[in-house]
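Using the sequences and the accompanying hints, generate a full structural model.
Residues per chain, in single letters:
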Amino acid sequence: MADNVRFTLNDCPVEIAGVSPMTTLLDWLRDHRGLRGTKEGCAEGDCGACTVVLEREGRRDAVNACIALLGQLDGQSVRTVEGLRGPGGGPHPVQVAMAEADATQCGFCTPGFVMSALAHASNGGTADPDAIHEALAGNLCRCTGYRPIVEAMTRIAGLAVEPPSAPLLSPRTTSAAFDGAFFAPRSLDELLALRAAHPEALLLAGGTDLGLLASRERKPPKAVIHLLYVPELAVISASADQITIGAAATYEAAAPTLIEAFPALRAYLSRLGSRQIRNMGTIGGNIGTASPIGDMPPVLLALEASLTLVSPRGTREIPLDDFFLDYRKTELAPDEIIQSLSMPRLWEGETFHCDKVSKRRDQDISTVAGAYRVRIRNGRIEDARLAFGGMAATSRRARATEAALLKDGFAAAIAAVESDFKPLDDWRGSAAYRRQVAANLLRRLELRLAEPGRALEVEAL
Amino acid sequence: MKFDTPATTNPIDQLKVVGQPVDRIDGRFKTTGTAPYAYERHDAAPDAAYGHVLGAAIAKGRIQSMDLAAAKAAPGVLAIVTAENAGKLGKGEYNTARLLGGPEIQHYHQAIALVVAETFEQARHAAGLIKVEYAPAKGAYDLAASRDKAKPAGTDDEPADSSVGDFDGAFGAAPVKLDATYTTPDQAHAMMEPHASTAAWNGDKLSLWTSNQMIAWSVGDMAKTLGIAKDRIHLMSPYVGGGFGGKLWVRADALLAALGARAARRPVKVALQRPLMFNNTTHRPATIQRLRIGATRDGTITAIGHDSWSGDLPDGKPETAVLQTRLLYAGANRLTRLRLSELDLPEGNSMRAPGEAPGMMALEIAMDEMAEKLGLDPVEFRIRNDTQVDPESPKRKFSQRQLTECLRTGAEKFGWAARRKPMQARDGRWLVGLGMAAAYRGAPVMKSAARVRLDARGIVTVETDMTDIGTGSYTIIAQTAAEMMGLPLQKVVVRLGDSTFPVSAGSGGQFGANSSTAGVYAACVKLREAVVKKLGLNAADAQFVDGEVRSGSRAIALGDAAKGGELVVEDAIEFGDLAKKYQQSTFGAHFVEVGVDAATAEVRLRRMLVVCAAGRILNPKSARSQVIGSMTMGAGAALMEELAIDARHGFFVNHDLAHYEVPVHADIPHQEVIFLDETDPMSSPMKAKGVGELGICGVAAAIANAIHNATGIRVRDYPITLDKLLKDMPLPA
Ligand SMILES: Cc1cc2nc3c(=O)[nH]c(=O)nc-3n(C[C@H](O)[C@H](O)[C@H](O)COP(=O)(O)OP(=O)(O)OC[C@H]3O[C@@H](n4cnc5c(N)ncnc54)[C@H](O)[C@@H]3O)c2cc1C
Ligand code: FES
Ligand code: FES
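Residue numbers (UniProt numbering), protein chains in the order written: chain Z, 1 to 461; chain D, 1 to 733.
Incorrect hints may have been included.
What the simulated footprint calls covered on chain Z by chain D, stretch by stretch (three residues with Cβ under 8 Å from a Cβ of chain D suffice, anywhere in the stretch; the number is not a length) [said to hold, decoys possible]: (1) 138 to 147; (2) 420 to 432; (3) 438 to 452.
No lab work stands behind these hints: they were computed from the structure.
Since the structure is predicted, the reported quantities are computational estimates derived from the model, not experimental observations.
Every residue, glycine too, gets a C-beta built ideally from N, C-alpha and C.
What follows is the structure, encoded as structure tokens:
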């Protein structure tokens, strides 16, 4: 089968032949296509200099070109800084605003900022400072100190920018195989067939972890099966008592449903990666990666999530509690795929809170993450699920702490943290530090439960 | 033009263009992605091959063997450069370690090979096939552990030791005293554009497009390293994606691109991959600083002493962290000492405001501690010890010194009077604190030349090898020429960063803006003379206004002077001894409000203000951005930036942007910059100084002091991360 990757680039259809689908979009743009407005600052998703925009369903979503693989773009519509024009063919109003506000100094970060700003304005982003910070969290600038950029963004937020163009290519309806190594199924059945036929292929969702192999490690995987366009894996549903999120739903797609059910996730998700990462990254990928400092596992453990795993052999459901075995080891069999995860809604009397503690406010990996679901009836704690990341080789529930909390209250629970965890000791935080933070987070939880009206959240600043 | 008497009234004082907040003239290219950086010169070198750098995997020792066979046989490979096959190489004057290592290895990730191939992927792949056997040697990587072995060490400009009066006696006798030690970590420039170069040979002539701040230095060092004459090298650096001192010199990318292009007989481009940069290039070295301050009970400093220890590779230089302590505050008895240990970490060198940036991080906490001991307001304590003369030689005055005005203005605008005693202000879960610090940075000057051309259309073109590293050089140089020649900005073209242009001051040490515009001023004075002569006008009353030259009743279009052919003149500004007679410095005052989370000790900046007195501000818009940018870098230094050392293997562990954290948007709150009115006739005909580095000096200490005010905790070990606070935090109530 000789399928070629096809996508729309700045309103022109392109078809890619003779270039590996494992090539990053950034390398292709700069080295093969000669479009060098998009910059490379880090090649690992950290700096945003490579930000481009995907135009999909009336939206513009900023993504990092340095970790997006060509194969992932099949059927998409990509816009780069070269694809911006203002009325009359001059610079685009976003570019004018950036220049006038002195939001560019050395200029190396600027095309990336321009694209993030365009996405923000296109999607109705406001001039509210928090909204601006969130839109730009994935873009680093070492020169301007950000204020002039925020000033430009304030003007840009009010601009009426032209809507994204309609797609030029109709989506594929059946699976494609690019270069005999990049498999892009379009249904669960095709996915399972491919999984059976290519046991060595890695599963690729948003690629915000795996893309680093191609980009930073410069060791692109030999073969991948791409999950993002399998509709059965992208389902998001909410019933009266349960939330289900497809494993290949991106953070941005899943966020509204999750936040509606668990409002504490609003602030938490805004600090997971950056807008660019959340536009590509998936929750399934976060679980699949099984990092001890991944942000979703503690949340999902506290929320009593279960996973639906599919394989050519059939389907099974397991509680997330039983999924993480050891450092980056999971219950997932080699031929299995996470299809979705489900969690019950909060019952009466239940509250849910979560915290991310990191060195930097945004775009940083957690040092410690904590999530807590607590049921209180008649002033008594009846049930508690407390889970932490960054405290052990996997995200884990704090079982002794939970037991102490139910039996003897918060003081006892705080004392019990010690017995639950032997945290990692690395330069992000010493073991003693992590333990103390976890204990203090429980103290904060106590305050939250005692005085729910009190301003305790990050946004209070 | 010689500048050796104070500036009098000159055309710049009209301030029609200079001093106006005009938009950056390069902004349009940068926002549209059309400004070409060094790695993107496909127009000039269309068939460039790709080079991939291999870094040493040990910090010290020797390469025992290097097996290139598999790499050479890999698809697409055109050449492999190693120290063994590169021929005899010299070492640049500004480089401490060699740019191409082997067989001896001087630091981790020192470049040991360049693989050149048709495509980037092929070069990268083949680099992975090189097999290297090392014989590692034991190295020294821990500054604290080697402190006892440190030796006195100065620099060209700074002696190892300075002393006035009897420091020991006065400190011993002082009724109130502080003796405290502070540490600052190794820090990375982390500019957004990685070091990158494209090189092409034409016979024995090298064209080198590289991302570089100092064209003439780098031509000299390239020539020395390659062993060829300087006039064989054409170096171009018109756009630089940030430097901060990291690109003051040629680095491995430039040398290896040149060697690779020679070996492959093709143009070659090389960009350092981000994870290589932190250990391959230079960094700001860590310091240990001991401050001793003695004062009378009313807060008059009688003794001030500052010792600083830093480390560098053999033959390296110390971080001159005591600079400001010699000049900032009065005090009859003084002592400063610089000590240097040999360390085998990557090369330490200049980063934005070398000396003062880490020095002020320590001194300005010490001043806060001292004020606390004295029961004095820290603003008041500083004002009480202000001086208008060089405290080491009182006959030497400061050319301008408005420190007190900065402090008073800042205190008033910031609402400093509302500051409470430590741990007394609370806002929800946040403990709130206010802190301040002085800002100080020298304002050196350097000879700087420029060429100006006038054509028949009345367009003036400025050519100088000055660089614009985001600082706004294009714009302020255009403003200077426009002002001098009576033109609107659109009639001025500025061409920078090319070694065929006259040698400028370059971008570094806060000397660039003042010196390079003064050089353009000098060239324009000469052009005015040439125009007047050409047009046969009277020099005494000739005026350059609105594109015309007016004299008596005549008004002639400027371009007419070039009707018979372009007028081209060149001149340089050369500074006499005014800078010796008068101490020239920039001053400021930082004010900061922080919130510290009562439960987790997370620190959030809430408000920042700096008041600057830095001579004439040539463009308030770009100057403000420079100051805000440097405050942000200072905030990073206060709260997060630190190269973590693996003391067993001798390298920086957090060598990418995921782990070397620099501030992001949400870390930086409301920031305000106020420039005091100032013109300094001693500094240059522009009456300006620099501002690009002033903003970073002191800000970290202001943050540390605000954290102390919020929590009562004094952290003397930067960065002030949560773990250093948490253990002493007041229990959340
Ligand atoms: C700059 C940057 C910032 C980041 N910040 C954060 C952060 O703040 N918090 C955080 O938790 N993470 C962060 N990450 C990590 C990453 O974004 C997340 O882990 C993300 O959820 C991964 O999802 P993905 O879809 O991109 O996964 P991919 O990279 O596509 O895959 C990750 C792994 O999961 C496996 N996998 C994917 N889908 C499935 C499936 N359905 N079934 C079985 N296995 C599967 C893959 O095979 C692979 O091993 C960051 C990454 C970057 C580059
Ligand atoms: S290059 Fe830095 S995020 Fe892509
Ligand atoms: S302008 Fe230089 S990094 Fe943003």
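Hint check:
1. For the stretch 138 to 147 of chain Z, the stated coverage by chain D is satisfied: 9 residues place a CB nearer than 8 Å to a CB of that chain, which reaches the threshold of 3.
2. With 3 residues having a beta carbon nearer than 8 Å to a beta carbon of chain D, the stretch 420 to 432 of chain Z meets the requirement of three or more and the stated coverage holds.
3. Three residues within the 8 Å Cβ limit are the bar, and the stretch 438 to 452 of chain Z against chain D gives 5, so the coverage statement holds.
Violated hints for the displayed structure: none, as all numbered hints are satisfied.
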